[in-house]
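**Student:** Protein chains in written order, with the UniProt record's numbering: chain A, 1 to 325; chain B, 1 to 327.
Simulated from the structure, these hints should not be mistaken for lab results. Since this is a predicted model, take the numbers as computed values, not measurements. Each residue gets a CB set at the ideal place from its N, CA and C atoms; glycine is no exception. Possibly wrong hints are sitting among the right ones.
[Said to hold, decoys possible] Computed cross-link-like contacts, EDC-like style, restricted to lysine to aspartate or glutamate with a CA-CA straight-line distance of at most 20 Å:
id	chain 1	residue 1	chain 2	residue 2
1	A	K221	B	E267
2	A	K275	A	E88
3	A	K221	B	E83
4	A	K221	B	D215
5	A	K221	B	D91
6	A	K221	B	D29
7	A	K221	B	E120
8	A	K319	B	E155
9	A	K221	B	D99
10	B	K150	A	D315
[Claimed, not checked] Covered stretches of chain A (chain B as the covering partner; in silico rule of three or more C-beta atoms under 8 Å from a C-beta of chain B):
id	stretch
11	214-220
12	228-236
13	307-318
[Stated by the list, open to error] Which chain B residues face chain A? A few, computed with CB under 8 Å, are given here:
id	residue
14	V56
15	Q57
16	L58
17	M95
18	D99
19	M102
20	N105
21	E116
22	A117
23	H121
Each chain, letter by letter, is given below.
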Amino acid sequence: MSAYILQRLIQSVLVLLAVSIVVFLAVYGIGDPIELLVPPQVSAAERAAMIRRLGLDLPVWQQYLSFLGSALKGDLGTSFVHGVPAVELILARLPATFELVLLAMGLAAVIGVPLGLLAGLNPESRPSRAIMAGTILGFSLPSFWKGMMLILLFSVALGWLPTAGRGETVSILGFQTSLLTLNGLKHLTLPALNLAIPNMALMIRLVAAGTTEAMTQDYVKYARAKGVRRQRIVGRHVLRNILIPVVTVAGMEFGSLVAFSTITETVFAWPGMGKLLIDSIYHLDRPVVVAYVMLATLLFVVVNFLVDVLYAALDPRVKLTGEMA
Amino acid sequence: MTTPLLEVRGLKTVFHDLAGAWPAIDGVDLAIQPGEIVGLVGESGSGKSVTGFSLVQLIDPPGEVVAGDVLFKGEDLRQASEERLRSLRGDRIAMIFQDPLMTLNPVLSIGEQMSEAILEHRKCSRQEALTEAAKALSRVGIPSPETRLKQFPHEFSGGMRQRVAIATALLNAPDLIIADEPTTALDVTIQSQILFEVQKLSRETGTAVLWITHDLAVVAELADRVAVMYAGRIVETGTVDDVLSTPRHPYTLGLLGSSAATVAPGERLKQINGAAPSINARPSGCPFRTRCERALPVCAQIDPSPQARDDGHSYRCHNPVPEGIAP
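Bound conformation, chain B alone (with noise of 0.2 Å):
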């Protein structure tokens, strides 16, 4: 196996309030291959956000990152200065944000949005970043582009903005995008486009991509290895063939279960019992355990630590679902 491009170890970042200080993420273990597509998934509030921003230590108060390492190419992040991480973002590691509607600065040009991400990072003449964001938005299917950098923000349709989005990630070639729900909003035609050119432009490019999501379907579609996570933690990780397959995390199982696309039409999804918990209400020992079918007493005394396998399938569970249950 080669040396990862980007390693995380023991993540943890909590948000302070009058009470404390909460866990949104706690214990994240994450390695990410160059070139690889992984899918982090997860449901709402189960930290997949917080993790992408505290890859890049972009959380701002009252939430801090407090433990762990976050390595690229060796390069240990949670240590490096303000300035070396500014040099970093937007040029070695690009992020992909939900809302293409609130991202992009309302007031200021596509053009000087697009250019400045590359100015910022190394020295180029204006009318050479221009010309470069130009390639990227024609890379990204945009037609016209010269014309289109010359417009504002609410010129542009919400598929079209992403793109722009995805186009900016794109300028300075990175070594990876962290991509947060990005097809969210859309629909879903503009959707599974946006997926086939981001498979694409990764594979041409060689740049790994991580890709937050709740949608199962997506990652399906998308990734090579996939990441679940809930309550804060990666529960199980493994390429997407063998997780969606034979998952082994009850969670996991739940979550295929509850999507459309396993259910015949006419039946009842099935959904997982209850809400996932809040950060300052988590239960002891596992977190799942609450909403569990297979919950055993162990569960509420013990943390399920993870158990990995020769091909790199892991899990966080007492009682796994056993192999060959198809969801």
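If we strip away everything but chain A, and leave its shape as in the complex, we get (with noise of 0.2 Å):
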């Protein structure tokens, strides 16, 4: 196990590594954020001190061994417009995104299961196909065009919900939760909606194979022959061995969402991180973007440990060694 998590520890800092050199050179390629940040009536000495304290007037090598240098002392950049950490910028939009995010795939999971179990357990009826169908245009439906017509629908026609913005929080360890009030999660609702949506489809299609092709097996026929009931068939024999693919799904959807859900919150001004990159990235405010992506990075890293971690709790064949990775 100890051998497991330090060779997972070496892959991590090597992915973590790759990543920065490729967003950095692609930030850089983007454009120079000077146009942008400073006004076209100020002086050209106070232009040129202003290169000079950002750091834009070195070579892209010694820029990126810079930011290399602080990043390791835990320092990843201050942001160009806003002017203060670009970790502590991301960090204060991490709750309102959590929070999103956590509900959304809640939601998936208390839907997607249950539906792609029916979906599954009889693949010919009516029903069954009603969802499939429905899978595909979850799939398939552009998260932009289904936001707006969430508003339209519940916002606009029908009145129920807000449009935009976090509604009324309240603080819970110091964090701020939007889950907590019924304003907060009236404002929840339709973008946590539109991020679960996709999810839902693909667990409803996850656990819709993998039900048909459980009930198949002889593990099922032999529990038959034993008198288990239907529901436990079902529920313990079946479940638990389509869980295994499902929760690998679940947990990359997750970092996924948390991590780039910037079109959702961009359609419903969800004050998020993803609303924060595309902001960023208008800005060529470089520090957040490189922060951001590698915040992103180690993220993934994490998830995809927990979820080999949950593995190996759900299936007992599975065991983390060294070996493994």
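Dock the two chains into a complex; use the hints.
**Tutor:** The following block contains the structure:
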């Protein structure tokens, strides 16, 4: 187990290093932020001073090395636009995104797994076909369009739910959350639904395919021959087997939603990390973009590790040893 | 003669496909007395396993049991409700499957898979169920059963898994165990250990066993009576001694002749010509006639009906093997 953790740690550091190089070069290639940062009326001398202060006069490799140097000390740079440390800026936005994604993944699992079971148990029935057809829609509708349609329906036409913002929040353990106020929940519903729909579709398809396959397995027939009730066969024998791929995908999706729910946060003006990312790219706020991608990578590394641990808990055949990965 | 524990009459199970319904078994008659071990023998595709599953109505589409009676202690299982069948399965009639690798759920502990067989049939605590499971494991010769219950199927060898399946079958002291080629996947030493244990347990508990196998040697070692199956029907049945020493059906004789034990070392095994007909290409009349050395013209026209002697030895043949021709 400890050999396994050590190996994963080394891998993670290498991944982070590789990502940092790629991101740094990519952001450098997008354009020169100084044009956006400095108002046109500023004198040439002030402009040159500013370039020097931000370190933009150095060649790219020197900029990278100085970034790496301070990154090793835990400093991922200071926002050009906001003048505060990039990490601080991002982490301040994290709770908003986190609660949004938590609710979205919760919805996807709570609705997706039972519907998937239903569709998988009687694949030929009419409701199952309707569910499966619905999943194709869920996958393929673009997020921005779906978001706008949700607003159109629930906010504009029906007037049930607000269109934008985070609503009332309360403070729990120093974090602001909308999950615990009615007004906050109302604000959360539409963006969470928008994020949940494609994941729900994914869960349904995964669970349905897994269920259909598992039901033909000998262990199911054997359980029936033992006189085990159908509810238990489905709820324990089958579900336990298909949860393994579901957990893997849910973990990966969780990471990707936290890092890149940009479109939904933009459509619903949700003050989360995705909104920050898109704004920072507009303003060529290099340190924030780089720090963001680094944190997102770290998040994926952590989530993948947790999925592996969960895997070992779910599947008794999996042992976390050094040779595995 | 006492009332049989299980009496099967004219059982017919078909498999549907686009071209129609093909009978996998057609007119199976079988009786099992309480505490008796009956061997059901036949080649691959003869319908042995389908018979086993049809008895407990565990035939899934595209298969369907379409005719016949299955009387278990006088109750017709074909008319029984799904819930009634569920309450009998695993409790009064237990099954052991062919492949011990596939039948245990890989992600559930042995303890859970054994105790559920108890908990689904009677009210008792999980702990009591586990205690009984541990007892059953030690009865089939698995050491340190408490530890074993916490383990998962992949931590057991093939022979151990099959012992688990046998122990599971014994949990509710059933009246009948249907064992579908349970030793086929095991090596010979393990096989004979398991045969010995099953025989012993059957004697001790009074449990009847229907042992489905393609191996006559297993039947000779284990069973009281034997039923030989060919192309979806039972062609010869009687006590093991009768049938194996004086086989009357040419197919039984052929099976005996192709077993290695009956041939002197170095001599070629006598095999039965051809292969068993598939379910959609069975010949008219007697289904065995195309492979039979003793076939007469009548065999192509009339399907022979069973001829029974007083001692229960019966066979379906127009031109039976004369008595006294030892294989």
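**Student:** Check the structure against each numbered hint from earlier and tell me which ones fail, lowest number first.
**Tutor:** 1, 4, 6, 15
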